[in-house]
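Number of protein chains: 2
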Amino acid sequence: MVILSNFRFSDVSHSVKLPKMKFYKTLIICLLFLSSSLSIYAQKGHDLWLQYAEITGDNLKNTYLDEIQSVTFSSQSETTGKAQEELQIAWRSFFGQELAVNTTLQNKALWLATEKELPKPLQQQLKTDFAHINEEGFLIKKLQFKGKAIMLISAKKEIGLLYGTFRFLKELQLHQPIEKIAITDSPKIQKRVLNHWDNLDRTVERGYAGFSIWDWHLLPELIKPEYIDYARANASVGINGTVLTNVNANSLVLSPQYIEKVQALADVFRPYGIQVYLTARFSSPVETGDLETADPLDPEVRKWWKNKADEIYQSIPDFGGFLVKANSEGQPGPNNYGRTHVDGANMMAEALAPHNGIVMWRAFVYSEDDPEDRAKQAYSEFVPFDGQFAENVLIQVKNGPIDFQPREPFHPIFGAMPDTPLMMEFQITQEYLGFSSHLVYLPKMFQETLETDTYTAGKNSTVAKVIDGSLSHKKLTGMAGVANIGNESNWTGHPFGQANWYGFGRLAWNPYLDSRTIAEDWLKMTFSTDEEFVRTVSDMMLQSRESVVKYMTPLGLHHIMATGHHYGPGPWVSNLSRPEWNPVYYHKADSLGVGFDRTTSGSDALSQYANPIQQEYENPETTPEEFLLWFHHLPWDYQMKNGKTLWFNMSSTYQEGVEEVQKMIQTWQGMKKFVDEQRFQKVSMLLQIQLKEARWWRDACLSYFKQFSKMELPENVPQPEHNLDYYKSLKFPFAPGIRPSWN
Amino acid sequence: MVILSNFRFSDVSHSVKLPKMKFYKTLIICLLFLSSSLSIYAQKGHDLWLQYAEITGDNLKNTYLDEIQSVTFSSQSETTGKAQEELQIAWRSFFGQELAVNTTLQNKALWLATEKELPKPLQQQLKTDFAHINEEGFLIKKLQFKGKAIMLISAKKEIGLLYGTFRFLKELQLHQPIEKIAITDSPKIQKRVLNHWDNLDRTVERGYAGFSIWDWHLLPELIKPEYIDYARANASVGINGTVLTNVNANSLVLSPQYIEKVQALADVFRPYGIQVYLTARFSSPVETGDLETADPLDPEVRKWWKNKADEIYQSIPDFGGFLVKANSEGQPGPNNYGRTHVDGANMMAEALAPHNGIVMWRAFVYSEDDPEDRAKQAYSEFVPFDGQFAENVLIQVKNGPIDFQPREPFHPIFGAMPDTPLMMEFQITQEYLGFSSHLVYLPKMFQETLETDTYTAGKNSTVAKVIDGSLSHKKLTGMAGVANIGNESNWTGHPFGQANWYGFGRLAWNPYLDSRTIAEDWLKMTFSTDEEFVRTVSDMMLQSRESVVKYMTPLGLHHIMATGHHYGPGPWVSNLSRPEWNPVYYHKADSLGVGFDRTTSGSDALSQYANPIQQEYENPETTPEEFLLWFHHLPWDYQMKNGKTLWFNMSSTYQEGVEEVQKMIQTWQGMKKFVDEQRFQKVSMLLQIQLKEARWWRDACLSYFKQFSKMELPENVPQPEHNLDYYKSLKFPFAPGIRPSWN
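Listed in order, the protein sequences are those of chains C and Y.
Here the working numbering is used: the first residue of the first sequence is 1, the next is one more, and so on.
Here the working numbering is used: the first residue of the second sequence is 1, the next is one more, and so on.
The shape of chain C in the complex, shown without the other chains (with noise of 0.2 angstroms):
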């Protein structure tokens, strides 16, 4: 919803005669009640990027109302219902008025009709157009047709005519053109999944925002308008499934009743083109205590998985499938029997097959008893599987190797295994970043990821090539996004963080756009379309992932937060009984130096690279200073590229990331005018927690590692405010985002 933010005043008052009291005691009280919209309860943070801004400007409003004077239905699905939905509450706040609906086709129309619904001549016209885009596809062309003017959104599907609904109001929201528009737009990627780790009892797993939107207990009864303000933000950017549940999975949500309780779900879903998916937890036939054995190779514990995908598709015919964390973090898998991923999955797979279901299968594992690094175990462990799973199973690989850090090299799994499909795992929830009061603008971050070339098969072998299966023609792609979602009224807590749920389903939909072009779309469809605004804003966002990486992991430094709830500074945690689990273990800070030395005189994690990576990153002086301490162990006194020693750069490193939040604290403070009450103040509130953590961050660490490096910081950098015990001694024991029986 919308507030008028530039009324002239002017353009009414001069010249209306005689009822011009009236008139202006009638615009008073409009405009009133404009001010007054947000005294009582603001809920423009609800409304996501779907503000639909009112259009002011005299020009641009004549013109699109011009243009478009009623808009026609040949299709009259569920799906089509709700992109006429959309068009109204968008004409409504857009131009404060309904927009006609007309079952014939008058001249400017806006005409929604998928392609065998056209015309013969009109399916022949666009052949080229349909012949461009996939079943999810869309285009949007102005065209004449007998003589009228006509707006046409087309598609192969009724779904893609929700797609093109939704691009041709963001075009009116970015205050385009829309006389001569010709779009054709597809995405490049199928499975365009939101992984909610959201716990049966309404926590959530690394959740910042709240608890859960689902409420499990008043479903399937109580259907929240949420959850379809939920449908409509995904489908929006284009997000196409949604797994309902934790990947630390509760077998419960596979009974009966709550079958029923996804069902009701998966119905308000299914218009808006969203499958429903579930976590499998893989000792599911024991626990419900139907067998007593989980082996997948076993006859009866196939059986149970067919029998239990049967029942659900019974209720859910579209239900999407399972994802799987298996035999990783204490989760049970087919190892506990002897057996392989391989059999896991497949055993998964062949139960949903006959539904069209898939798997998605997490390649999340490393071992507390496996000596190797951390780092290099996923790898070992599923590129010997590759081409032995199932056709309708992708493996899940997190986009580092580690765990979802500020900065990680690329999984090296990915264009390992060419004969198998590979799904990106991207966090959006900010476990490693600061959760939902630090502003970190996180597709920047993913972008990094996307566009690194893995040069496995010969040089431009991006990740995103490996991810939308072009570069080994995978039929089967995905990409997930685990959820920054809870029951926050503006869903994400922080308002920032709205941005990584939009720029994860835009990166989805298309992993080569540019970061910034999806930052300044979001900004203007969130809050205004002012260029000094998107400008400076998104100068700041893209801005923000880097200053993390300053203040929290410099220079490859990784996993040194804190224990269990990873809030703040933990470098010197070394006492947990899992020897990976400790900030030392990925340090390896001594009097000698710091950094993890990943090279042959390592671990050598780096031979799961393919060349040049291996070369170049052998050598520190070759490898990119941002992966310095990833894959080198190397004296406090190494002298970088600037001529200065490494400890001289971690310490102005620190201090550049703290500047840069002080930095974004005025930027923001420049906004004001831009940017509604509650929301500025949010934003304004919230950056004063960041500066706190980051020099946190900062005083903490440095006091840390100073005992090793003993040498003193560099003078522009502060001395710490506390000593290093007063770190060391704090606790948080109910910070967000673990179960609260952890605690």
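If you're looking for bench data, these hints aren't it; they were derived computationally from the structure.
Note that the coordinates shown come from a computational prediction; the quantities given were computed from them, not determined experimentally.
Honestly, I wouldn't trust all of these hints.
Since the list gives no way to pick out one identical chain from another, each pair is judged satisfied if it fits inside one copy or across any two copies.
Unchecked claim - Listed next, the in silico DSSO-like pairs over lysine-lysine satisfying Cα-Cα at most 30 angstroms (straight line):
no., residue 1, residue 2
1, Lys224, Lys673
2, Lys692, Lys224
3, Lys663, Lys224
4, Lys303, Lys731
5, Lys146, Lys127
6, Lys224, Lys672
7, Lys474, Lys127
Use these hints to put chain Y onto chain C, whose structure you have.
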């Protein structure tokens, strides 16, 4: 309230030739905006009873606008600033305009001034009015002053001005005439306090409206707009205290880290006259690691609490005090050290007294080792202490002797401790009354308790008179309500749950109010002033409490809910470790009959009541039938007043309860035209849950009791849908309101 979003006028400027046409167009556009304002995100639920619905009747609107043309504030405190804000919010929403603020008093002004700020002659003129109000009271009076017509809101203190403002706005919401307004009002109870059973991990014990609104992790920096909305809502009904944390307390909230967070909330609430309280875990001196004992007679312990109080008051000068659950359901307390409740309470009172803080010490105690009827234990333990508590201690007593059942007789402590200030504890959250999915209007139940005669000081010694201190001249008085508030967008989950929060506030202000008046006021302020609507729905609300008694626990049955979460029926439960946690303990059904004999032939709990209650209730014939099985164990074929058997009446009453819910559904369907779509649909969906669960209660309970009665169901009662084993087999491990870790 009405939102007029994104209206724009610039198009009007081009068409000055036909101003009238355009004027209509403007109006139409305005109207369209109004109708569309809910399309994206309806916020009516969030605004509670402060909708300030547009005043549309010309006469009424003109009268109001004529009567009040400006406002003048003689006070410039933070609190009067809030009154000013509220007036503007209301004015915009009622009338679509600002209320002009004048520093000098104009004709037809609203004037806010404390008594001492009034000119002497006016003070003199209003002497009688001021004599009628107390420190928190107010007067609203239309008067002539120096030739000007003035609408005066005055009070002894600023908070009275805020209360008077809310009261004045309520008059407008209720469309009352104000030309000759003359209201004086004061709260009859001093401490009007919400108890939040909110844990620091944001789970809420017995919370059914999502999770805690206190976002501890982001405090003190992030002040959510919801905190302010919460304060406004409470102040509007006169609630002047809030206990932020669960009675099952965590000592961490007393740490400096959390006191800083509590302070931030206290700072938000202070201008609204709301004091912040905390729950104090008795063992805190030990748990913090400071001491090895929490013995209340140990000088070190006493010093610890004194220092702690001093520390808190340094940050929060108006801190309210502590609420303590001690030696109850596993909580630590003075008994652990061989000391009494008096020792414990007085120790804390001593620490708080220098700062004017109070202790609210709960009388909710019962012991697993005590074979005495649980209903008797609190009385037995506390009554002997009468007169021994410090002056700043309130003993907080639940309305009934067991635990917030759909119906209980009043707690026998009321009236039995004339020398001790007693505080009422009502439960607003519906732990035993259908969670947030059953429409149950609780003020009807609260009123039943309050107006009951205890006879402890002769006839007309009502519970209300005990609570407001008038029966035995108490200075310190209080009423607590266990909040039903969570982070759901509408605060309470069920839209009608808001009425219970509202009604609690109203009764805490004046325990003699009629619950029908409260329901009518609430409906008008929340939904519509339409007469048919208010009459129909208030009837439905008033009936609703009896309905839940009928379909859950008719005829004095009690505590037969399922274990732990208390969701649904569990009369068969008999395997819990503590005997008094088992439903069979309470209903004692066997082949001979059903009910708990609390007469002289049984536990003699009746002896804790005064005469004539004792005498009347001793005999089943003269016992009110709604308490029959609370006090008597009677044969299944016991003949009741209608000539039918006990079994017949029990069965029929369950059936009546179900039918009454069906009738509520019908009634509500007829109200569609009065209610916005979102709230209408939500109530409709929830009523379906209520019906499903009412049937479940009826079928499960009758199936269970039938085993003992061996009698057939009356003809009008349908056979249960399932057999008893089915009902016994139902499991709800994630029912809300219990800590996830309890699963």
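Now the hints, each set against the structure:
Taking the shortest alpha-carbon separations for Lys224 and Lys673, only the inter-copy value of 21 angstroms comes in at or below 30 angstroms, while the best intra-copy value is 34 angstroms. Taking the shortest Cα distances, Lys692 and Lys224 sit within 30 angstroms of each other only across copies (19 angstroms), while inside one copy they are farther apart (37 angstroms). Proximity of Lys663 to Lys224 under the C-alpha cut-off of 30 angstroms is restricted to the inter-copy arrangement: shortest distance 24 angstroms between copies versus 40 angstroms within a copy. Within a single copy, Lys303 and Lys731 get their C-alpha atoms only as close as 48 angstroms, which misses the 30 angstroms cut-off; across copies the closest is 26 angstroms, which meets it.
For the identical chains of this complex, Lys146 and Lys127 are intra-copy neighbours only, at 18 angstroms inside a copy versus 85 angstroms across copies, given an alpha-carbon limit of 30 angstroms. Proximity of Lys224 to Lys672 under the C-alpha cut-off of 30 angstroms is restricted to the inter-copy arrangement: shortest distance 18 angstroms between copies versus 33 angstroms within a copy. With identical chains, the CA atoms of Lys474 and Lys127 are at most 30 angstroms apart within one copy only, with a shortest distance of 26 angstroms there and 88 angstroms across copies.
In this structure, every one of the numbered hints holds.
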